[in-house]
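These protein sequence lines map, in sequence, to chains A and B. Last residue of the first sequence: 442 (numbering that gives the first Met the number 0), numbering continuous. Last residue of the second sequence: 302 (numbering that gives the first Met the number 0), numbering continuous.
Hints were generated in silico from the structure; no laboratory data involved. Check the hints yourself; a few may be wrong.
Beta-carbon label-pair distances, calculated as ranges [said to hold, decoys possible]:
#1 154/B with 94/A: 18 to 28 Å
#2 134/B with 353/A: 51 to 61 Å
#3 208/A with 79/B: 48 to 58 Å
Quick reminder that beta carbons are idealized off the backbone N, C-alpha and C, glycines included.
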Amino acid sequence: MTGLRAQGVYKVFGRRPNEAVRRLSAGASRDDVRQWGTAAVIDVDLDIRSGETFVVMGLSGSGKSTLIRMLNGLWRPTAGRILVGDADLTKVSPAQLRELRQRRVSMVFQHFALLPHRSVLENAAYPLEIRGVDRAERLRRAGEALELVGLGQWGGSLPSQLSGGMRQRVGLARALAADTDVLLMDEAFSALDPLIRREMQDQLLELQQSLGKTIVFITHDLNEAMYLGDRIAVMRDGRVVQVGTSEQILSEPANDYVASFVADVDRTRVLTAGSVMRRPASVVQLGGGPRLALRTMRDQQVSAAYVVDRARTLRGVVRDSVAVEAVRRGAESIEALVDEVPSVVVDTALGEIFALAAESSLPVPVTDAQGRLVGVIPRVTLLEAMVPPTTTGEHPVLNPDPSALELAAVGAPTTSPTPPGDGASASDPVGVTQTAADREARS
Amino acid sequence: MTTLLSSFAAAAPASSSDLVPRLPLGDAVENVVDWFTTTFDSLFETIRDVLVWAFDVLADVLGEPPAWAVALVLVALAFVAKGWRLAVGSAVGFAVITGVDQWDNAMDTLALVVLASLVAVVLAVPLGIWAARDDRVSRVLRPVLDFMQTMPAFVYLIPTVVIFHVGVVPGLVATVIFAMAPGVRFTELGIRQVDPEVVEAGHAFGSTDARILRQIQLPLAMPTIMAGVNQVIMLALSMVVIAGMVGANGLGRDVVSSLQRVNVALGFEAGLSVVILAMYLDRVTAALGSRSKVSRALATANA
Numbered sequence: 000m001t002g003l004r005a006q007g008v009y010k011v012f013g014r015r016p017n018e019a020v021r022r023l024s025a026g027a028s029r030d031d032v033r034q035w036g037t038a039a040v041i042d043v044d045l046d047i048r049s050g051e052t053f054v055v056m057g058l059s060g061s062g063k064s065t066l067i068r069m070l071n072g073l074w075r076p077t078a079g080r081i082l083v084g085d086a087d088l089t090k091v092s093p094a095q096l097r098e099l100r101q102r103r104v105s106m107v108f109q110h111f112a113l114l115p116h117r118s119v120l121e122n123a124a125y126p127l128e129i130r131g132v133d134r135a136e137r138l139r140r141a142g143e144a145l146e147l148v149g150l151g152q153w154g155g156s157l158p159s160q161l162s163g164g165m166r167q168r169v170g171l172a173r174a175l176a177a178d179t180d181v182l183l184m185d186e187a188f189s190a191l192d193p194l195i196r197r198e199m200q201d202q203l204l205e206l207q208q209s210l211g212k213t214i215v216f217i218t219h220d221l222n223e224a225m226y227l228g229d230r231i232a233v234m235r236d237g238r239v240v241q242v243g244t245s246e247q248i249l250s251e252p253a254n255d256y257v258a259s260f261v262a263d264v265d266r267t268r269v270l271t272a273g274s275v276m277r278r279p280a281s282v283v284q285l286g287g288g289p290r291l292a293l294r295t296m297r298d299q300q301v302s303a304a305y306v307v308d309r310a311r312t313l314r315g316v317v318r319d320s321v322a323v324e325a326v327r328r329g330a331e332s333i334e335a336l337v338d339e340v341p342s343v344v345v346d347t348a349l350g351e352i353f354a355l356a357a358e359s360s361l362p363v364p365v366t367d368a369q370g371r372l373v374g375v376i377p378r379v380t381l382l383e384a385m386v387p388p389t390t391t392g393e394h395p396v397l398n399p400d401p402s403a404l405e406l407a408a409v410g411a412p413t414t415s416p417t418p419p420g421d422g423a424s425a426s427d428p429v430g431v432t433q434t435a436a437d438r439e440a441r442s
Numbered sequence: 000m001t002t003l004l005s006s007f008a009a010a011a012p013a014s015s016s017d018l019v020p021r022l023p024l025g026d027a028v029e030n031v032v033d034w035f036t037t038t039f040d041s042l043f044e045t046i047r048d049v050l051v052w053a054f055d056v057l058a059d060v061l062g063e064p065p066a067w068a069v070a071l072v073l074v075a076l077a078f079v080a081k082g083w084r085l086a087v088g089s090a091v092g093f094a095v096i097t098g099v100d101q102w103d104n105a106m107d108t109l110a111l112v113v114l115a116s117l118v119a120v121v122l123a124v125p126l127g128i129w130a131a132r133d134d135r136v137s138r139v140l141r142p143v144l145d146f147m148q149t150m151p152a153f154v155y156l157i158p159t160v161v162i163f164h165v166g167v168v169p170g171l172v173a174t175v176i177f178a179m180a181p182g183v184r185f186t187e188l189g190i191r192q193v194d195p196e197v198v199e200a201g202h203a204f205g206s207t208d209a210r211i212l213r214q215i216q217l218p219l220a221m222p223t224i225m226a227g228v229n230q231v232i233m234l235a236l237s238m239v240v241i242a243g244m245v246g247a248n249g250l251g252r253d254v255v256s257s258l259q260r261v262n263v264a265l266g267f268e269a270g271l272s273v274v275i276l277a278m279y280l281d282r283v284t285a286a287l288g289s290r291s292k293v294s295r296a297l298a299t300a301n302a
């Protein structure tokens, strides 16, 4: 398998790119070097491991598309090195570069980039055709790739007869047919409807589980980045500002910029049970008696306790009322008192826990893959996790204007119902009702 | 100071023709043409022989068989290209041409147009491809094409007559020069319009430039290139009358001679035949253009 590395990579478009790079590496900003060229990518170091899904996230103009095009040599870096496996893309000959693209790196494009005059099957077979695979063989393999993405029936159609989502599946099938270790995906799902997009994301995750390719995925959508990526690089103005797992970026954003992005993330999709769970407070052994269970509940001031066996496997809960009844009866063991309780595993997304939490008065128990109790999620924790962190690692997210703080402090004792800062949010509901009324009027 | 101004004002109108000296541009061009004619005499001789031979072959193919046989083939072509309506229309048109006794002339003209268009396209498409791939070539070519297209077509006849003598060849060469420009322009435009992402996909899967041109750029540009070919043919047809002035056979000669003899009847009949031929060529080439794979693929998208 093949990893990818970028080492000190710069890409400057313009009249004097080398001069721009010299100044940038000396610490000049992107705007400082404008007169020598447009710096699209500035001093990027990445180490993309073999078999991982690596997402590069950034807004338009952040340099992510330029970066991905340097990873397969479509564009040559102005400075720095790009390594695909052990091949240095900045040193290979054009023929070697073509060979490398044919066999090791394939690509999926934002607007699909299919050949409109060829059938779906021929489109999927295109990379193999370039490689010189004979016709029968390449059509067979293209057919298999189409089968993988669920378009087995559509080989004879023209791309124009397919919907957007299906066209992008053809684009994906084409890249899979090439059977390269590395798959570059340039905003691959950005042109699709939200529903189709979710479907494609799920399909990609599913395929990746069995294929284990090195995927570099470019997106401007942090939700997508966090859903798909094993690791994420956040880019801004040509520089990589943070690299980490989605949870690292969510819980420890490197700076205000990343933090402001994180604020918009659908946390229910990104955070998992394991990342928010608490230590279970009231746990009793299956072998312990009802008296022990009651004492644990009393100490913790709760009305039920989780029951585990010797291997810490979750068996259920015992409630206070049943335990009291059992003590009165003089029962020795709580084994007969245990109620079944629904649980979730550690990598369950928070979005799937809400329903459980709503139905149950107890915290939702979390188990590992072997069914051992590792934590619980009280409802309050679940709600808390939905709120973005108010401080980053080093700086507060918002740099509050000191004068505004003073105003608020002065305003507080006067019991003013709306502090100065709330003016905007107070007017907001009006706007909402207006748009809602508009929508009604239109329909 | 005032005297200087007044003397200047007085002198200005009188010397306006001297302000810019007489530029001997015409003489220079004449000298160049003379030099060309003598230096490349054998080359021009060869070009002349080849074009005369090609024209004779084509004129024989169209003119020798009986009119109904040739007409049948042309009508069949119209049917294949577009459908029965165009076929019926063409048949009526050809009947009119035969009815006004212009069939032989029309076939000579058709041979001239087909040959001139063929040569023009063979030269224009590679030039267009080159211009699409290289901005500098495009910048140089653009004013040259403007010049070729806007220079009054008669002007080309003068040097071509000097170089190739009278007959069909000077008319042919002048027609090629005049008709080539849209072929180059449409080819360049068509290739530049190809979705850059699709071309990028070709590169990303390791295709060579030549292969990208053959498998992606040319097929995707084909509808536009065919529109250019259609324009080339139309311009070529508009030149045939002018070519008639220097002795090319065909409808053009009858138009010219009817002008000289103020013969309204002959002028109308020959002119009408040109119109019929023009409509036939336009509809058939347009239909052939819309039958390219890409056009059909795009048509299914809208269906």
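Now for the hints, and whether the structure bears them out:
{"no.": "1", "hint": "154/B with 94/A: 18 to 28 Å", "in the structure": "violated (50 Å)"}
{"no.": "2", "hint": "134/B with 353/A: 51 to 61 Å", "in the structure": "holds (58 Å)"}
{"no.": "3", "hint": "208/A with 79/B: 48 to 58 Å", "in the structure": "holds (53 Å)"}
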